[in-house]
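Could you build all of it, start to finish, from the sequences and the hints given here?
Order-wise, the sequence lines are chains A and B.
Every letter in the first sequence is one number past the one before it in the numbering used here, and letter 249, counting from 1, is 249.
Every letter in the second sequence is one number past the one before it in the numbering used here, and letter 2, counting from 1, is 2.
Keep in mind the hints are simulated off the structure, nothing from the lab.
Remember, predicted model here, so these are calculated numbers, not experimental data.
One or more hints might be untrue.
Stated by the list, open to error - Once the Cα atoms are required to be at most 25 Å apart in a straight line, the calculated SDA-like pairs of lysine to any residue come out as: (1) A:Lys131 with B:Leu188; (2) A:Lys97 with B:Arg185; (3) A:Lys77 with B:Gly96; (4) A:Lys97 with B:Val180; (5) A:Lys97 with B:Thr187; (6) A:Lys97 with B:Leu168; (7) A:Lys77 with B:Gly18; (8) A:Lys131 with B:Glu170; (9) A:Lys180 with A:Glu223; (10) A:Lys97 with B:Trp51; (11) A:Lys131 with B:Ser167; (12) A:Lys131 with B:Arg185; (13) A:Lys97 with B:Gly178; (14) A:Lys131 with A:Glu106; (15) A:Lys97 with B:Leu184; (16) A:Lys131 with B:Phe183; (17) A:Lys77 with B:Pro179; (18) A:Lys77 with B:Pro189; (19) A:Lys97 with B:Met161; (20) A:Lys180 with A:Gly30; (21) A:Lys97 with A:Phe55.
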Amino acid sequence: MTSAPLLRVDGVRAVYGDTVALHDVSLDIGDNEFFALLGPSGCGKTTLLRSIAGFETPASGRIEVDGQDLLRMPPHKRPVNMMFQSYALFPHMSVEKNIGYGLEAEGLGRAEIARRVAEVVEVVGLGPLAKRRPSQLSGGQRQRVALARAIVKRPRLLLLDEPLSALDRQVRASMQLELKRLQHEVGLTFVVVTHDQEEAMSMADRIAVLRDGRLEQLATPQELYANPASRFVASFIGSANLLDGTTTADGVDVPGLGVVPAAHAMPVGAQATAVVRPEDLELTDAATTPLRGTVIDTYFLGGASTISVEVDGLPAPVLATVHGASRLARGESVGVRFGRTSVVARDAADAAASVQEAVSA
Amino acid sequence: MRELEPSATPRAVRRPRGILIPLWLGYVFLYLPILIVVIMSFNDSENLFVWRGFSLRWYPEVFADGALMQGLGNTIIVATGATAIATVLGTLLAYGIQHYTRGGFVRAFAIAPAILPDLLLGIGLLTLFSLLGITLGLHSVILAHAVFATAFVTAIVLARMASLDPSLEEASRDLGAGPVRTFLRVTLPQLAPGIVAGALLAFTLSLDEFVIAFFTTAPTQPTLPIVIYSMVRFGVTPEVNALASLLLLVSVVTVIAAQRLTRLTGSPK
Numbered sequence: 001m002t003s004a005p006l007l008r009v010d011g012v013r014a015v016y017g018d019t020v021a022l023h024d025v026s027l028d029i030g031d032n033e034f035f036a037l038l039g040p041s042g043c044g045k046t047t048l049l050r051s052i053a054g055f056e057t058p059a060s061g062r063i064e065v066d067g068q069d070l071l072r073m074p075p076h077k078r079p080v081n082m083m084f085q086s087y088a089l090f091p092h093m094s095v096e097k098n099i100g101y102g103l104e105a106e107g108l109g110r111a112e113i114a115r116r117v118a119e120v121v122e123v124v125g126l127g128p129l130a131k132r133r134p135s136q137l138s139g140g141q142r143q144r145v146a147l148a149r150a151i152v153k154r155p156r157l158l159l160l161d162e163p164l165s166a167l168d169r170q171v172r173a174s175m176q177l178e179l180k181r182l183q184h185e186v187g188l189t190f191v192v193v194t195h196d197q198e199e200a201m202s203m204a205d206r207i208a209v210l211r212d213g214r215l216e217q218l219a220t221p222q223e224l225y226a227n228p229a230s231r232f233v234a235s236f237i238g239s240a241n242l243l244d245g246t247t248t249a250d251g252v253d254v255p256g257l258g259v260v261p262a263a264h265a266m267p268v269g270a271q272a273t274a275v276v277r278p279e280d281l282e283l284t285d286a287a288t289t290p291l292r293g294t295v296i297d298t299y300f301l302g303g304a305s306t307i308s309v310e311v312d313g314l315p316a317p318v319l320a321t322v323h324g325a326s327r328l329a330r331g332e333s334v335g336v337r338f339g340r341t342s343v344v345a346r347d348a349a350d351a352a353a354s355v356q357e358a359v360s361a
Numbered sequence: 001m002r003e004l005e006p007s008a009t010p011r012a013v014r015r016p017r018g019i020l021i022p023l024w025l026g027y028v029f030l031y032l033p034i035l036i037v038v039i040m041s042f043n044d045s046e047n048l049f050v051w052r053g054f055s056l057r058w059y060p061e062v063f064a065d066g067a068l069m070q071g072l073g074n075t076i077i078v079a080t081g082a083t084a085i086a087t088v089l090g091t092l093l094a095y096g097i098q099h100y101t102r103g104g105f106v107r108a109f110a111i112a113p114a115i116l117p118d119l120l121l122g123i124g125l126l127t128l129f130s131l132l133g134i135t136l137g138l139h140s141v142i143l144a145h146a147v148f149a150t151a152f153v154t155a156i157v158l159a160r161m162a163s164l165d166p167s168l169e170e171a172s173r174d175l176g177a178g179p180v181r182t183f184l185r186v187t188l189p190q191l192a193p194g195i196v197a198g199a200l201l202a203f204t205l206s207l208d209e210f211v212i213a214f215f216t217t218a219p220t221q222p223t224l225p226i227v228i229y230s231m232v233r234f235g236v237t238p239e240v241n242a243l244a245s246l247l248l249l250v251s252v253v254t255v256i257a258a259q260r261l262t263r264l265t266g267s268p269k
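Written as structure tokens, this is what we have:
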């Protein structure tokens, strides 16, 4: 028997004036899942999160937790808690008081509150700071307080709005691991909103990619990377060489390049894009390969190098990734071979995007 | 090896001194009248305009003057009452405007009485009171002062509210607190510096308000500015200077207290 989902979002539509922020979005989130809502700004991910928390009211659709209709409850009665992007710590209360605030609102006794606050303070490692005011804490410490304040309530669902965006790079990396550890340790379901695909990929069990208020794809990070459902997902997740063309029986016919062989299930003659990840693009001896290009630049990144190659007939250079340092020099002639290639359909919005790419390239 | 000498601290660029002259002239223009009042309050002479030596004799006389003391008492009652009403009303008004209205229209109407001509408010309130059959006395001045004072409190509390993170209230709701608890435990403490500043301003403005009080009080219950006005009509006595200096002292202390309070309760950003 498969258990019922913890959170069910069903046909949620949100409208601001003339603009539609969410077009009938539906998705299920399971118990104990680390779920990410990913997309560029304005894609509707924050609207969805705030609708679950109760700070936005969808025009139509249902949101349920454990089968309970959330939309009929005011925010303070919902079994969900949110960690705000600004952390929204109460400046006039100590760390302890901030964390205990939600328990006080539940009407728990002093002893019970003190016990649970102490417990959570320990879990997030804030012990010696309990008496301080938020203004006396660093960014990372504030984030821990915000997290502690939300998880002390033991919500069914913890919503995190861009949890790492206010931190600097180094703290961010360690907090990513920390969040994942905490999620296991306290056994909560996390829903994270982020615009940072690396963040979503490294933390989430499953990711919903949103674009212009529509759900583009919902899958595991591995699946999103290997089998993107659209050109947008392919370009948003990781880096990719996108070769626009039309489908043939055994691949995609790319103008100026010829047919790039790939398996696909689309009808012949459809607008499509061949997606080749940089690590699937092989650079070989120019003499033995029909497809040739010129090395524009190489970028050494430590464990790997990225090489940008101008291929005859293509408007923008392609990228290839190799292990370690590359011996190729700028201006050198190389052969190019496409390895594992997936094919996605291309719509009008994609066409506009690809024109922009060509212009900015 | 010799250690490098620490480089000299950069010297401020010398500005020509002449530029300071208009600055000082400006300050003289602003504060000379006040300075004269304070100096003349220590003048031994009966004559306001002739200096005859230092004396403190006018200060006890202020407190011995029955009319002045009655006026001072009335003024304190009025200022306290008007401040109490204005602080509560202004805070609620600001909260309502911030949470339930969009656009500046409603906002502008709440703040307008602060800049409307006193004459207009005075005449309007007098007419309203007689239409409603409200007798004139200290209570009517309290209501009248509460009108413009509310506008000032609203403006200051609104400004404070605009500087707060709106997600604080959402966080409180999210953590399970209803609207009332959220207002009392989160919104109000955050607004406190604005409310205190608004209240102190309302109090100081009411203290020396003349025009509206003149229209709306009973002749038997004059406030301090009205008493002084009637004294001056028979010639200014040095006593008035002493009183004015005392009021100045009260105002300065109030302003300093307000700033201290704001700093103590203000949310450090």
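Now the hints, each set against the structure:
1. A:Lys131 with B:Leu188: 22 Å, holds
2. A:Lys97 with B:Arg185: 11 Å, holds
3. A:Lys77 with B:Gly96: Answer holds: Lys77 of chain A to Gly96 of chain B is near 23 Å, not above 25 Å.
4. A:Lys97 with B:Val180: Cα-Cα ~19 Å, so holds.
5. A:Lys97 with B:Thr187: Given that 25 Å is the threshold and the Cα spacing comes to 16 Å, the pair holds.
6. A:Lys97 with B:Leu168: Distance ~14 Å between Lys97 of chain A and Leu168 of chain B Cα, so the pair holds.
7. A:Lys77 with B:Gly18: Judged against 25 Å, a Cα distance of about 68 Å means the pair is violated.
8. A:Lys131 with B:Glu170: Satisfied, since the Cα-Cα distance of roughly 24 Å is no more than 25 Å.
9. A:Lys180 with A:Glu223: Judged against 25 Å, a Cα distance of about 20 Å means the pair holds.
10. A:Lys97 with B:Trp51: 63 Å, violated
11. A:Lys131 with B:Ser167: Given pair Lys131 of chain A, Ser167 of chain B holds - Cα atoms ~23 Å apart, limit 25 Å.
12. A:Lys131 with B:Arg185: 18 Å, holds
13. A:Lys97 with B:Gly178: The given pair, whose Cα atoms are some 18 Å apart, holds under the 25 Å limit.
14. A:Lys131 with A:Glu106: 22 Å, holds
15. A:Lys97 with B:Leu184: 15 Å, holds
16. A:Lys131 with B:Phe183: 24 Å, holds
17. A:Lys77 with B:Pro179: 12 Å, holds
18. A:Lys77 with B:Pro189: Distance ~24 Å between Lys77 of chain A and Pro189 of chain B Cα, so the pair holds.
19. A:Lys97 with B:Met161: 22 Å, holds
20. A:Lys180 with A:Gly30: 16 Å, holds
21. A:Lys97 with A:Phe55: Answer holds: Lys97 of chain A to Phe55 of chain A is near 24 Å, not above 25 Å.
In the structure shown, a violation is registered for the earlier hints numbered 7 and 10, in ascending order.
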